[in-house]
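Residue numbers (the working numbering): 50 to 305.
Please note: incorrect hints may appear among the correct ones.
As the list claims (entries may be wrong) - In the DSSO-like style, the derived pairs of lysine-lysine whose C-alpha atoms are separated by at most 30 Å in a straight line are:
1. Lys293 to Lys220
2. Lys59 to Lys164
3. Lys103 to Lys113
4. Lys293 to Lys275
5. Lys220 to Lys164
6. Lys148 to Lys103
7. Lys164 to Lys201
8. Lys164 to Lys275
9. Lys111 to Lys179
10. Lys148 to Lys179
11. Lys201 to Lys113
12. Lys103 to Lys164
13. Lys148 to Lys275
14. Lys148 to Lys164
15. Lys179 to Lys164
16. Lys103 to Lys220
17. Lys164 to Lys293
18. Lys113 to Lys179
19. Lys59 to Lys220
20. Lys103 to Lys59
21. Lys103 to Lys179
22. Lys201 to Lys275
23. Lys59 to Lys148
24. Lys201 to Lys59
25. Lys220 to Lys148
26. Lys293 to Lys148
What the hints assert, rightly or not - Taking CB as the label site, the calculated pair distances span:
27. Ile124 to Lys179: 38 to 46 Å
28. Val212 to Glu246: 44 to 52 Å
29. Gly63 to Asp138: 27 to 35 Å
Just so you know, the hints here were simulated from the structure itself, not pulled from any lab data. Where is the CB? At the ideal position from N, CA and C, for every residue including glycine.
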Amino acid sequence: MHHVLSYIDKRQNGYERHPFFTELLDNQRLSARERLAWAPCVIPFIMGYSDLNKYVFRDESKAKLDDPLQRMLNIHTYEEDFHWQWMLDDLDRLGVNPKLTLSDAARVFWSPEMKVSRQLCLEFAAIASKTQAFGVFAMVEAIEAVSVTIFKHCQGIVLESGVECEFFGTKHYLAEAGHLIKSEGQPKATQMALTPEQRAEAEAVVDRVFEIFDAWSHSLFQYARKHSAVPLAAYEQMIDASQKLPREMVLPGYAS
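With these hints in hand, go ahead and build the complete structure from the sequences.
Written out as structure tokens, the structure reads:
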């Protein structure tokens, strides 16, 4: 497993050169709100990730009690259980939390602008269904590497009010960096020997995770560039576009 964790470190270093960091989060010429204008776009993923931890990554069945990787995964799912609440609180701090009807909120979250954010959890659930604990562990480690990288770059972004966000800030970074899966549990994981086939499978999972997050980070960057000036107008545009969609089945390219 040590080789897989080293591979994750390598992919993490490459991910940190993404324009999402170099041109947005690290760009001190921009205001805090401009640098964090992508915040609403992460809601589908963060809320879905909470469910992934509860219903996909966590396995407390008797058959898994002797698997040290699964035990670590289970602990991790509880550590992640409440982070989404910090995110929801931050929406108020960022001024991007208008009152919407339930149907309008659904139109926003299922808009094309948030497509990649919705896809993440579907991809991760599909990966988890096809691999064993070592592959899920590698996937979660890669997800954590991405998370630590993002919130490391969110540190110190102070809003006009003089406060820093909780989820999009230092508090979340310290929480992510302090997870068991990133600390004393690691030696046990690195001592686990994988077969060449298992190592290749785990590294393929890691590659896919970073490919997904590269696309996600690009979508967040584009969302911030497009909507940072008037963030609440973005919702109106999404709602309007959704309301104009056809109410009947349309099969493009098919003869009637």
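These are the hints, each one checked on the structure:
no.: 1; hint: Lys293 to Lys220; in the structure: violated (41 Å)
no.: 2; hint: Lys59 to Lys164; in the structure: holds (28 Å)
no.: 3; hint: Lys103 to Lys113; in the structure: holds (15 Å)
no.: 4; hint: Lys293 to Lys275; in the structure: holds (21 Å)
no.: 5; hint: Lys220 to Lys164; in the structure: holds (28 Å)
no.: 6; hint: Lys148 to Lys103; in the structure: holds (29 Å)
no.: 7; hint: Lys164 to Lys201; in the structure: holds (25 Å)
no.: 8; hint: Lys164 to Lys275; in the structure: holds (16 Å)
no.: 9; hint: Lys111 to Lys179; in the structure: holds (21 Å)
no.: 10; hint: Lys148 to Lys179; in the structure: violated (40 Å)
no.: 11; hint: Lys201 to Lys113; in the structure: violated (34 Å)
no.: 12; hint: Lys103 to Lys164; in the structure: holds (23 Å)
no.: 13; hint: Lys148 to Lys275; in the structure: holds (22 Å)
no.: 14; hint: Lys148 to Lys164; in the structure: holds (22 Å)
no.: 15; hint: Lys179 to Lys164; in the structure: holds (23 Å)
no.: 16; hint: Lys103 to Lys220; in the structure: holds (23 Å)
no.: 17; hint: Lys164 to Lys293; in the structure: holds (18 Å)
no.: 18; hint: Lys113 to Lys179; in the structure: holds (17 Å)
no.: 19; hint: Lys59 to Lys220; in the structure: holds (25 Å)
no.: 20; hint: Lys103 to Lys59; in the structure: holds (29 Å)
no.: 21; hint: Lys103 to Lys179; in the structure: holds (18 Å)
no.: 22; hint: Lys201 to Lys275; in the structure: holds (24 Å)
no.: 23; hint: Lys59 to Lys148; in the structure: violated (43 Å)
no.: 24; hint: Lys201 to Lys59; in the structure: holds (17 Å)
no.: 25; hint: Lys220 to Lys148; in the structure: holds (27 Å)
no.: 26; hint: Lys293 to Lys148; in the structure: holds (21 Å)
no.: 27; hint: Ile124 to Lys179: 38 to 46 Å; in the structure: violated (23 Å)
no.: 28; hint: Val212 to Glu246: 44 to 52 Å; in the structure: holds (50 Å)
no.: 29; hint: Gly63 to Asp138: 27 to 35 Å; in the structure: holds (32 Å)
Checked against the numbered hints listed earlier, the structure breaks hints 1, 10, 11, 23 and 27; every other hint is satisfied.
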